[in-house]
Structures are given as C-alpha cells and as structure tokens.
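Next come the chains, spelled out residue by residue.
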Amino acid sequence: MRYFLKRLSHAIFLLLGVSILSFVFTSLAPGNYFDEMRLNPQISPDTVAALRAHYGVNRPVVVRYARWLASVAHGDLGFSFAYNTPAAPLLWTRAWNTLLLTLTATLLSWLIALPLGIWSAERKGRAPDIAVTSATGFLLAIPDLLLALGLLILAVRTGWFPTGGMFSVGSESLSWFGKMRDLISHMALPVTALVLGALPLLVRHVRSAMAEVLGSGFLRAAQAHGIPRRTILYRYALPAAAHPLISLFGFSIGALLSGSLIVEVVMSWPGLGPLLLEAILARDLYLVIGGVMLSTVFLVAGNFIADLLLYWADPRIRTS
Amino acid sequence: MNPRRKLVLLLTLLGVAHLVIACGGFFAPYDPTAQDRDRPYAPPMRVHLVNSAGHFHLRPFVYAQQLREGTFDEYVSDTSQPIPLKFFVSGARYKLFGLIPIRIHFFDAEGDAPPVFLLGSDAYGRDLLSRTLYGGQISLLAGLLATALALSVGLLIGSLAGFFGGWTDDLLMRAAELFLALPWLYLLFAIRAFLPLAVSPLQAFFLVVILIGTVGWARPARLIRGVVLSAKERDYVRAARGFGASNIYLLRRHILPQTWNVVLTQAAILVPQYVLAEVTLSFLGLGVPEPAPSWGNILSSLQQYSVLSSYWWMFLPSVAIVCFFLGYLALASALQDVADKSKI
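Just so you know, the protein sequences line up as chains W and X, in that order.
Under our numbering, the first residue of the first sequence is numbered 1, with each subsequent residue one higher.
Under our numbering, the first residue of the second sequence is numbered 1, with each subsequent residue one higher.
One or more hints might be untrue.
With a straight-line cut-off of 30 Å between C-alpha atoms, the simulated DSBU-like cross-links for lysine-lysine are [unchecked claim]:
1. W:Lys124 x X:Lys341
2. X:Lys232 x X:Lys341
3. X:Lys6 x X:Lys341
4. X:Lys6 x W:Lys124
For the record, the hints were derived by calculation from the structure and aren't laboratory data.
Please model the complete structure; the sequences and the hints are all you need to start from.
This is the structure:
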C-alpha cells in the first residue's frame, strides 16, 4: 500500500511538473491565437481586445496557470479558441482513437516479441538467432515515418487496404459486424506500422533478458529433472527474466505514443496527433497543452501499471 | 571480426558517406532550387551503356524524356536522342563546404542538352538527386549540431549533479525525470507550437537544432551522472583530492575522461534520432521550409495522395536516410563492443 501511494504521488508530481513546464514555455513564446486575428481586417481591434480580456490572455502566467488548474478540476482542461468549446470533449474523442491504436499495437507487439525473443535466445549464436538479430537490426534503422509512408505506398499500389481515416464513407449504414470489419481493415496499416516500429527494440530486450537467465544453474537443474523444454522456458525462465521486461513495458507505451503521433498524421487516423498538429498551426494554446498533458497522462499511467505489475511479479519489491 | 577493426571499418564507411553529402554540390548536377517547369515529376532515368541498336558505348548515356502529348506527367524515352554523361564538367556555380566557390560537377549532360534526372524530378521539375544531396547537408548538420548541443548540456548537468551530489543532484535529476517522462516527440511539438511559425530557412534550422538539443539533454545527463558518481569514489581521485587538487582539476583530469565512452556511444545513438526529429518536423511543415531542401520536406510531398499513388521515386530519399541510420546504429554497437572489451 505504501509502495502504491509512493508511486501515485510520484506520478502526480510528474504531471504537475509537466504542466508547469508547458505554461512556462507558453509565456516565453511570442504571439498567440489573437495575433493572427488582429491581422484580419474584418475583425475590429476592439473585438480582439475584448476577446483577449475575456479569455484572460493578458493576465500573468501564474494567474493563467491557476485558472487552468481550476478548469482541470472541473474536467474542462482549458478552452479551445479555435473550436470555441472546452478542450476536454475535443481531446477525449481523439484520445480514445489514439488509445485504441496504441493499445492494440502494444498488445500485438508484445505477443510477437515475447515468443520471438525467447526463440532467438534459446538458439543464441545459431542461424535463427542471427536471422532474428539482423532483421531487428535492419528494422531498427527504419523510422516510423518511413514505415508508415512505405506501407501507405504499398496500400495505394495494391488496393488491399484503405489508405486513411477510421471508417469508410457510408459505414454508418452497416451492421455492427460490418462496422467492426470496416474498423479493423482501417486499423490494419497504422497498427502494422506501429508494431514494426516497436518490435525490434522489444525483441532485443526479451532476447538479452532471456539469454542471461538461460545460462543460470537452476534452469540446468530443471532440465536435468526432465522438465519439458516449453515448461522450462515459459514457466521457469520467463518469470525470472520478467523484471527488466516489465519496466520496458511502461517505456514501450511512451515510445508507441510518440510513434503513433506521426503515424496518425501520415495515415490520417483521427487521433490526438492530427488534432495536436492542427492546434499548433492555429496556435490554439490550451488545446496544445491539453494534448501534451493527455499524452503524458497515458505515459505516466503506463509506467504506473508497470510499477504495479512489478510489485505483483517481483517478491523483492513486496518484502522491502 | 575484431571489434576494433570493425569500428575502424564503420568509421571509414560513415566518413565517406558524410563526405559525399558534405561535397553535395560536387556530386549534384544542379542547384537544388533550380526549376524546370516543363519537366514536372519526370521519372528516374536509366543509365545505359548499350544503345537501342545494340552498340556498346564506353561513355554511359541516358535517353531524353519527352512529355507525352496531352498529358502533364507521362514521359516517353526518346531512344533517338541519347544524352552522353560527361564527368568533371563545369556547370552551375556552387560553394564547396559553403565556402569555396567553384563550378566543377561530378557529372552532367553536355551543353544545352535536356537535364539528367537520375532520381527523377519533383512537382517543380527540380532534380531529386540534387535535392537529396543538399537536403542531407541540412538534415545531417541539424542532427550533428543538436547532438553536440544535447551532449554538452547533458555533460555539464550530469557532471555537476554527479560531482556535487546533495540538493544539486536532487534538483537536476528531478528536472531530467520531468523531461524523460514526456513522450519526446510531443514535447518537441509543444515547444515548437509556441514559437513563431513563419521563419526563414536559416532561423528555422537553428530553431530546430536548439529545440532538439533542449529536449534531449536529459538521457545523456543521467548516464553521465552515473559514470561521474562512480568515478569520483575511485581511490586515485580521493588521493588527488587529499593532495589538495581543486574541483575543476579533478573533473578535468580524472573524472571527465571516464565519461568519454558513454559520450561517444550516446552520440552514435543520438545523431540518427535527432536527424529523424528534424525530418519529422520538416515533414509536418514545422521545420526547415521550402525551397531549401531537407530530407523531411522532400518527403512531405508524399502527404498528397496523387504523389503517393503515382510518383514512387519521391520516396527514394528515404533510402539515404535508412542507410545513414544503419551506419550509425552499427557504429553505436561497435563502440559498445570496444568499450566492453577494454573494461575486461
């Protein structure tokens, strides 16, 4: 329980720090949403001044921060100038789409990375291991952006997959089953890009963690007892190698979030990425801060879950 | 292979690759911003040694491409009009390394023959090969400078935190944790969001470098702190301190040399990451703006569906990106191997 509270307070401290950091950067920056408005001859200077006063843009940064914190407490996450609504509802709908993408990709990449890494560690130094290592080494050098573009070119040339968006035009009329099929076919490309981007690092870590454990005495003893190979690998060796992998799990969520930003923009998936880009170009301050905060929340939540999993998996943490 | 020999081999390969990019003006036949509005989206030309009649020529040549009547992007090779490639010819003026003005190019067509597009041309009929080479100068330089910046800040903060410990250490490492907690691409975006959008290419370049450097210091700082922490407890450091060595002397003479391995390995890991950061920012139109080429803004035309579906050669600059990244990754692991070996 104390461990739990400690990790939770740590997470909250991080979120506060990040929000302060964003506000400091905003106050340092020249220009804001209303500067663009001032250039518009159809809007009178008085209107702009009134709007500025209304949204409190002229106030000192501390006051703005306090007001923003209050709006977070209300669940509004600030106000979007461009959409003229609280930022939270805008962000939530997009955040679900991003989560759908990243969680699917996280799940899939771990489901592939674990057996592949174990398989490679078991055959360390032999042909399968060398093949896996060089394949992951090559994939490591291809950034998400290029993966997404390459896959998109493939999709356009073959016509096997839809090239963007989340649903086809007219998909509302489909049955539930048809909608799911439509969604999955739209998800296939972005998820593939994300999985291919995340996989090499995961496989390498699984491989090295397992290779370290596989050399140890208790596994050789288990082998001498005649315990089947598969049981040894998954029941005995994997839990022993789990500690660094669970930490990596938290980290992989962050990496996938960063990756999904660019993949979403390239594949026009209606997630946080395109919204954030749009908000940046429109200088829609609170929407940007909200987007950054939300992604930080996901990341911190991922690390928090990893901490809890560690607590559950590693008796050394429980007893200390 | 012997790790040391492997390291030397990799360094040579990477050095040659960087040299080619650095001398981009020499290898590029044209100016990266020179337009040929009559030849938009010309596909890559094939270099031939044997002509259509089956005769062998020692001098490589390409066939001129004619726009098909009534279309704007379909070309036919005109086999009756071979363009021989001349080497070390004089062409458009450029500055080697940004300093020495010369006109010699590695290759070009002779006289007033139509332009040679070995990698095709883009929407304005600009040579993609020239743009890739010049774009590499900007992207790689941005990556290298950003790495230097991030490592210097990281080295400063990491050694301060590790050497002095106490509240300095606590404060600096909390700050580093903050920067590490953010998904870094989002952070880069957020900071970029609050800076002016329309800037000149040179300003944009330094903006991108400083941005990436500011965001990236945290990870090297943590690693360097660890090394400094263990180095300052060594017996010979304590002995030097006992003899009355000053803090500055200790850091310079005994502690910072210990961080050398970590700094080098981090550099090899960070350069591709930061090149990618520049590419990503420019790809999204937040980095180096047109008409100056960078790997990111060359690729950004692929955001249009028509380019994506019809002009596959616009994707070719990514081959250069992947090659450089492969080189740097191999360098990082070779450096790691050498460091591991020297430890034992």
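Consistency of the hints with the structure:
Restraint check for Lys124 of chain W and Lys341 of chain X: satisfied, since their Cα atoms lie roughly 20 Å apart, inside the 30 Å limit. Restraint check for Lys232 of chain X and Lys341 of chain X: satisfied, since their Cα atoms lie roughly 23 Å apart, inside the 30 Å limit. Restraint check: the Cα-Cα separation between Lys6 of chain X and Lys341 of chain X comes to about 13 Å, which is no more than 30 Å; the hinted pair holds. Annotation: proposed proximity of Lys6 of chain X to Lys124 of chain W holds, straight-line Cα distance about 21 Å (limit 30 Å).
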